[in-house]
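*Asks:* Protein sequences appear in the order of chains A and B. Using our numbering, read the first sequence as starting at 1078 and increasing by one per residue. Using our numbering, read the second sequence as starting at -7 and increasing by one per residue.
In short, the hints are calculated from the structure, not lab data. Quick reminder that beta carbons are idealized off the backbone N, C-alpha and C, glycines included. Everything hinted at is true.
Chain A regions said to be covered by chain B (calculated; three or more residues, Cβ under 8 Å): (1) 1135 to 1149; (2) 1176 to 1185; (3) 1198 to 1208; (4) 1212 to 1224.
Just the calculated beta-carbon pair ranges, DEER-fashion: (5) A:Ala1135 / B:Met(-7): 31 to 39 Å; (6) A:Ala1158 / B:Arg85: 49 to 57 Å; (7) B:Ala54 / A:Ala1215: 23 to 31 Å; (8) A:Gly1133 / B:Ser35: 24 to 32 Å; (9) A:Ala1109 / B:Ala114: 14 to 22 Å; (10) A:Ala1135 / B:Trp141: 15 to 23 Å; (11) B:Asp31 / A:Asp1190: 39 to 47 Å; (12) B:Gly82 / A:Glu1146: 37 to 45 Å; (13) B:Arg(-1) / A:Ala1109: 29 to 37 Å; (14) B:Gly82 / A:Ala1154: 43 to 51 Å; (15) A:Gly1155 / B:Glu40: 46 to 54 Å; (16) B:Arg88 / A:Gly1130: 31 to 39 Å; (17) A:Asp1190 / B:Pro81: 33 to 41 Å; (18) A:Gly1155 / B:Pro66: 45 to 53 Å.
Spelled out, the chains give:
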Amino acid sequence: MVSLSRRRFLGVAAGVLLTGCGRDAAREQPPADAEVLAGLLRRELEGGAAVAGVAGAALIARQDRLHAERLAELSGAGTVATRSGVAADLPAALARKQEGVFAYVAALPRIADPDLRVLVMQVAASEAEHLAALRLAAGEEPVPDAFAGFTEAPAR
Amino acid sequence: MTAERVRELFGAPHSDAGFFQAALHVEQVAALAYVAAADGPLSGGEREQALRFADHERRHAAAFETMLFALTVPVRERADGEDLDALLPGLRRAGRKEALRQLAELEGAAIEGHQLMGRRLAALDSLRTVAAVMAGGAQHLVVLRHALWRTPLTHAYETGH
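Construct the entire structure; sequences and hints are all you get.
*Replies:* Listed below in structure tokens is the structure:
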């Protein structure tokens, strides 16, 4: 799981802005939006599979399904076959969800369509909420990090 | 009222620096709001949580300050009590439920503003910072909804409202 110190995070935040190394900088053959969304779909399906079967996570599983269906539609993947959960393992579900948040956030600069960027931000926020809700249901501190896991990986 | 005022703040800028200044102001006010709620209407575990969230908001503000620094824009003003009263009128005198409701409204409005930045920012790399802050705010929203007995705690597409 990615873990960054706050100082490093802020340094990175400033650094990427100063160097401008995303789509806003000159770069050859950036991935098409559909390609980026297809990668997010794969990540979403992994997260959905990890959540399936976790006690009290039925709503989250339904919302994951909605994310996957929308990403499949927008990426041109068509219908999605939801992967079945292998075990009701909360730590694994939290880990996959955290990776999902990282993936959605990381994808944003690579998405050209502003509407799709907003959609991905809405899903990223939803995934972050899932993490908090799962921790809350488990009696854990729901928000252990100010940046939804970007500065401190939860102790697991 | 809070949401409308935050919407006005995020709706005004025409540059990346302007967006970061608006976002910084909202995070600074949010930090003040959680402290005010902890000092007044909230108690026990909710008070402790509010103080933790106030610290989170200060970190969010620091992140936006860093972005402004990278754009060589100096940060000269800091939100104060007047700004808090303007954005969340009555918070200091509110009861527990009203205070939580106002905090949830502020968090939601900030999320909406961050998503507007997702649409309008020119420097797309900076969106990673914006989105990390937004995700932290979305997690705060879950806790506030839980305290208010609101359901669902999570939304499939979190728009902030």
